[in-house]
Amino acid sequence: MAFGREANIGDLAFRRITALFAASVIVLLVWVAIEMGIASKLSLAHFGLGFVTARDWDPVRDHYGALPFIFGTVVSSILALCISVPISLGIAIYLSELAHPKLRTPMGFLVELLAAVPSVVYGLWGIFALAPWLRETVEPLLARTLGFLPLFQGNHQGFGMLAGGIILAIMITPTISSVSREVLRAVPAALREGAIGLGATRWEVVRVAVLPYAKSGLVGATILGLGRALGETMAITMLIGNRSEISISLFAPSYTMASVIANEFTEATGQLYLSALAEIGLLLFFVTVTLNVFARLLVWRVGKLPEGGRL
Amino acid sequence: MNLGAATYVRRKLTDRIVRSLCVLGTVIALIPLASVLYYVVSRGIGGINLDFFTELPKPVGESGGGMGNALVGTLKLVGLAGLFGIPPGVLAGIYLAEFGASKFGGAVRFAADVMSGVPSITVGIFVYSLVVVTTKQFSALAGGIALAILMLPMVTRTTEELLKLVPESLREAALGLGVPKWRATLRIMLRTALPGIAVGVMLSVARVAGETAPLLFTASNNSFWSTGVMDQEASLPVNIYTKAISPYEDWHRQAWAAALVLLMTLLILNVTARFLVRTRVRAR
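Chains X and W are the protein sequences, given in the same order.
Each residue of the first sequence is one higher than the one before, starting from 1 at the first, in my numbering.
Each residue of the second sequence is one higher than the one before, starting from 1 at the first, in my numbering.
What the hints contain is simulated information worked out from the structure, not anything from laboratory work.
Straight-line C-alpha distance at most 30 Å; calculated DSBU-like pairs for lysine-lysine:
| no. | chain 1 | residue 1 | chain 2 | residue 2 |
| --- | --- | --- | --- | --- |
| 1 | W | Lys181 | W | Lys103 |
| 2 | X | Lys215 | X | Lys102 |
| 3 | X | Lys102 | W | Lys164 |
| 4 | X | Lys215 | W | Lys12 |
| 5 | X | Lys215 | W | Lys103 |
| 6 | W | Lys136 | X | Lys41 |
| 7 | W | Lys136 | W | Lys58 |
| 8 | W | Lys164 | W | Lys103 |
| 9 | W | Lys12 | X | Lys102 |
| 10 | W | Lys164 | X | Lys215 |
Computed beta-carbon distance windows for the label pairs:
| no. | chain 1 | residue 1 | chain 2 | residue 2 | range |
| --- | --- | --- | --- | --- | --- |
| 11 | X | Pro150 | W | Ala198 | 46 to 56 Å |
| 12 | W | Lys103 | X | Leu103 | 35 to 45 Å |
| 13 | W | Tyr38 | X | Leu20 | 42 to 52 Å |
| 14 | X | Ile248 | W | Ala101 | 46 to 56 Å |
| 15 | W | Leu24 | X | Leu20 | 44 to 54 Å |
| 16 | W | Arg187 | X | Leu103 | 39 to 49 Å |
| 17 | W | Ala5 | X | Ile196 | 18 to 28 Å |
We treat Cβ as the ideally placed atom computed from N, Cα and C, and that holds for glycine.
Put together the whole structure using the sequences plus the hints.
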């Protein structure tokens, strides 16, 4: 059997050639990491670890610190998760457990269409529809009702952390909800049947039988969404206000790592300037790759759990 | 007894509330989609005319002009991306489906999944330092390579998954007739899976056609018709961006029109893909 299969020279060549292209996927991933490392060498050597804690970004004096961008990226992404996770979980539960079977496919498709809208179109919509609405309606309302919190103080500009967080939430909802839906689908039917047999209501089935089993996969789905939010560029660049300040107010403008690259990369004149921007890219790359590795492992685990296994 | 009835009512009520919350979440998620569609159509439709498809953009202050070069540019960039991205992706997918049970196969699969989560702007930096710095110019070629890198993992995984759907009995029949394995794979398995793979490829094309971030410093932008692939290249997404953040009313109108053309094309591709997949599944 073994020699019969490998004896054909065509088969061997076919296997080798396709293997080469398969390897190219891994090579490319490593290559991107190495190339970005080389591009940011100058900045890495010049600033060391201080790069991530320094607050000033000053092309004139050629001194660069990434803290305001890291702050903006992390806070806008967390805000996006706070908005998106409950909604996405609701969608996933609705689509996999509650909806009429005839409604599942079209509704699921509509939610996935959210992912088909390009980032730059969300940005355009954000500038002319979302930001004015936030400025005129939402921010005054928040200031009136929750204005005692420092989160909701300051000028109402529309553009800022809140707008950025909302647009990110819209964009990561299809990711989180569709992965969560897959995870819920992987839960063995026997668990549901057991709970139904004990007289559980539909929500109790979900709470008692489905969610505990799917827990790690749902965390994985959330982390995948976080990875997308951290790296998202165009829409948030158009909405977050692009000012490298650290402010606690959600109404204040901010700046993200991806945005500063998009805005300044082509205009960066000095070698060190370009290198500092590349280092921000490198940071972003490593954080998103790490999150993705972690999330995929969690999602894969649910599919592989033994029947009825707990975590 | 009374206590039991109260519990029952409470449980029923909780069930109702949570179920309505789930429906509510789904509805809330769809509001932005409806709003985006409404805005893009109502604001974009006014800017659509023949000039939009055939003319070059006019300088600020002069009204009229179009985005002919950006339309052609996007087609060119997507074409280049397909050229560089689809063949390697399909071959890598064939490897995963046919020989991918090994540790190496698992690693490739994992790398492809991880790669699809890499921010597209970092791919832009990669291609910038690899192609733009080497050739000393922004070019359609660089833009096409950046988009191809984004396509590769999607094409790889789609090809693999669709090949795995083809019944093994087809291959066995071919092998039983004495056909070498590689020919059975290409002529029988791949050909059977081809319509599905085409749909998957179409979706990945739709995905990269709207990408902006990796084009900013690879293909850059161009106010004129470009020649060949070594010239700076205009594209619809980059033009939507630059026109949207400009202060000019007339440019905003053009940005909406470009968004309408882009969004409608992508939605049609997505809906068609979905429809094709469903009819195929039903036929089976």
